[in-house]
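Student: Here is what each chain is made of, one letter per residue.
There are 2 protein chains.
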Amino acid sequence: MEIAKLGEFGLIDRLTKDIKPQNESTKYGVGDDCAVLSYPNSEVLVTTDMLMEGVHFDLTYIDLEHLGYKSAMVNISDIFAMNGTPRQLTVSLAVSKRFTVEDMEQFYNGLRLACDKWHVDIVGGDTTSSYTGLAISITCIGEAKKEDIVYRNGAKETDLICVSGDLGAAYMGLQLLEREKSVYYSQVDEAKRKGDKKALESLAQFQPDFAGKEYLLQRQLRTEARGDIIEKLRAAGIRPTAMMDISDGLSSELMHICKQSHVGCRIFEKQIPIDYQTAVMAEELNMNVTTCALNGGEDYELLFTIPIGDHEKIQAIDDVRLIGHITKDSLGQVLVTRDDQEFPLKAQGWNPLQ
Amino acid sequence: MEIAKLGEFGLIDRLTKDIKPQNESTKYGVGDDCAVLSYPNSEVLVTTDMLMEGVHFDLTYIDLEHLGYKSAMVNISDIFAMNGTPRQLTVSLAVSKRFTVEDMEQFYNGLRLACDKWHVDIVGGDTTSSYTGLAISITCIGEAKKEDIVYRNGAKETDLICVSGDLGAAYMGLQLLEREKSVYYSQVDEAKRKGDKKALESLAQFQPDFAGKEYLLQRQLRTEARGDIIEKLRAAGIRPTAMMDISDGLSSELMHICKQSHVGCRIFEKQIPIDYQTAVMAEELNMNVTTCALNGGEDYELLFTIPIGDHEKIQAIDDVRLIGHITKDSLGQVLVTRDDQEFPLKAQGWNPLQ
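Heads up: the protein sequence lines correspond to chains A and B, in order.
For the first sequence, position 84 matches number 84 in UniProt numbering, and the numbering has no gaps at all.
For the second sequence, position 153 matches number 153 in UniProt numbering, and the numbering has no gaps at all.
Treat the hints as calculated values from the structure; they're not laboratory data.
Since copy identity is lost for identical chains, a pair holds within one copy or between any two.
Pairs of lysine to aspartate or glutamate residues, derived as DMTMM-like cross-links and limited to a Cα-Cα distance of at most 25 Å, are as follows: (1) Lys20 x Glu147; (2) Lys259 x Asp13; (3) Lys97 x Asp58; (4) Lys17 x Asp329; (5) Lys117 x Asp63; (6) Lys346 x Glu8; (7) Lys232 x Asp275; (8) Lys346 x Glu2; (9) Lys259 x Glu8; (10) Lys232 x Asp319; (11) Lys97 x Glu53; (12) Lys346 x Asp13; (13) Lys259 x Asp18; (14) Lys20 x Glu65.
The task is simple: from the sequences and hints, build the whole structure.
Tutor: Written as structure tokens, this is what we have:
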């Protein structure tokens with residue numbers, strides 16, 4: 001169905017009609033000039049992110065349901081990165097004429113799946129049109145006790161540096177999707193060049209080759225915010241001294257923490273967690289897997305520092321790896337390679353403005 | 001300067017470097033995964049809006065400083081429309097390559113001018129790239145005591161219906177801008193057709209004819225949120241029973257209030273406040289000025305209902321006009337014309353999805 005047929009209010013009604021707020025802090029959701037929230041006993045955390053078609057996502061790779069899921073998760077991840085609990089979310093969409101009501105429903109399905117996973121209420125938004133493509137802006141609101149909030153600026157000398165999960169897989173997933181896309185287009189081009197209609201027709205059934213690389217795809221297309229790690233840290237009585245989520249690559253994020261905390265760091269190549277599939281894919285593409293893990297974006301794992309006294313506690317937590325420690329500011333940011341050479345860390349993270 | 005030269009973080013640093021939060025409720029602004037706010041004694045209001053180039057604004061009409069100002073004001077207006085006080089704002093921008101660092105600074109100048117006017121802190125955002133044009137998403141956060149919040153759904157039979165300022169001028173301002181744009185392009189086309197290079201060159205100095213219509217332009221390009229009216233209502237001890245801001249046209253907004261409050265309404269054409277310049281422009285364009293006032297968008301005046309007992313109090317307030325009253329739901333939404341005919345109100349407000 002064409003979106004114009006429903007109009008703005010009809011579409012919003014349809015997308016939000018059975019949203020029922022779950023959180024005590026949500027006093028009023030969709031349907032007025034503002035949402036109304038109540039946080040008498042904690043601080044309010046607010047984060048916002050914008051995703052543009054062609055820049056942040058390519059709809060040849062990702063369907064709208066996964067995109068909705070990912071859009072919500074990357075914002076939810078920012079709340080966890082402050083050691084908070086996500087509670088509400090608003091979503092603004094600008095859509096061009098090629099999108100249908102059903103497309104928007106798919107997007108909302110994904111969005112709601114992600115929100116339901118972390119008990120987040122969709123409390124408002126805006127749906128409008130765009131000349132070209134799809135633009136998504138999400139704001140997520142959460143809460144934390146004042147004393148629990150973890151900023152980027154609290155890392156201290158001798159603190160241990162930890163990351164959750166493994167790194168570089170989301171980036172390798174993107175490389176894989178791009179490779180298969182270019183395989184497809186080169187076959188189309190060749191069929192056109194030869195005037196081979198039959199080959200062109202059969203390319204409609206083109207099956208990209210993802211065998212053995214499912215994990216990479218999952219990491220690129222089904223982003224998960226690591227609220228489970230936050231819960232485990234709380235249960236273990238560990239309060240990180242500094243924390244952020246890894247959206248632009250480990251190097252870049254670590255440098256943010258060092259800069260804002262006025263400290264240096266020393267991380268060890270051999271400690272950086274890398275999945276087997278990530279390593280295989282890097283080899284296939286003739287890329288250095290450590291470079292991918294250091295600079296590949298979109299893993300949305302947590303990077304955090306903890307007091308050295310929490311060493312034993314952290315080792316009891318699954319899926320968290322110690323990768324180094326914080327040093328004096330004057331020692332700079334250093335990577336120690338497998339063969340014990342030292343290099344200054346460089347932020348080569350993904351830059352959407354270059 | 002090209003934006004790519006600064007990169008994302010460089011640009012954000014430059015745009016936000018001397019932003020100093022003013023509000024007690026702003027605990028931490030730009031620079032971490034989230035902003036941190038504190039609202040122990042009031043409810044938190046959240047509103048969000050997305051503005052797309054070519055759909056919501058045309059950069060041939062509006063410069064980036066005015067656009068920044070307007071983008072902030074339309075969101076601030078939503079907080080006032082709940083009878084709240086705006087406090088914080090986040091802004092996400094997606095910009096194509098044709099925009100420079102200086103352009104972004106201009107946009108931020110306007111944004112900050114609007115925020116300063118209402119003591120709103122810019123606490124975060126996102127700056128990224130877009131394939132085509134400029135996309136703006138703003139979230140505004142405010143506060144109100146629970147008992148002060150005014151929803152759309154509180155209008156009661158016999159309540160009086162009021163609007164601030166005058167209506168239709170922003171829409172007429174847009175018509176004026178579009179007329180002058182088409183005059184310009186028709187002269188360009190004619191000069192090209194004739195191959196008249198001299199005429200083409202002199203068109204670079206084309207001066208649109210806005211004489212005597214400055215107010216219309218101001219209403220279109222320099223949107224003001226009516227916080228002054230909110231202050232006056234408070235000072236007079238009037239608490240509206242229902243309220244919203246008029247962004248899509250009086251008819252459309254009044255129907256929202258009636259629908260959500262389960263009431264009808266009766267408004268009087270002769271009471272609708274219209275500026276002299278609006279009336280003159282409508283006549284020039286052969287348009288019915290009442291239709292413009294009912295359906296023209298972007299005035300950002302306040303529409304609200306008050307108990308009939310506040311009749312005298314409201315008449316003592318400058319720049320507020322009584323336009324009718326609330327009736328039983330079964331009586332529908334009625335416009336009484338100057339010659340005492342009755343028509344059902346229709347929402348022909350601006351629909352960005354049609």
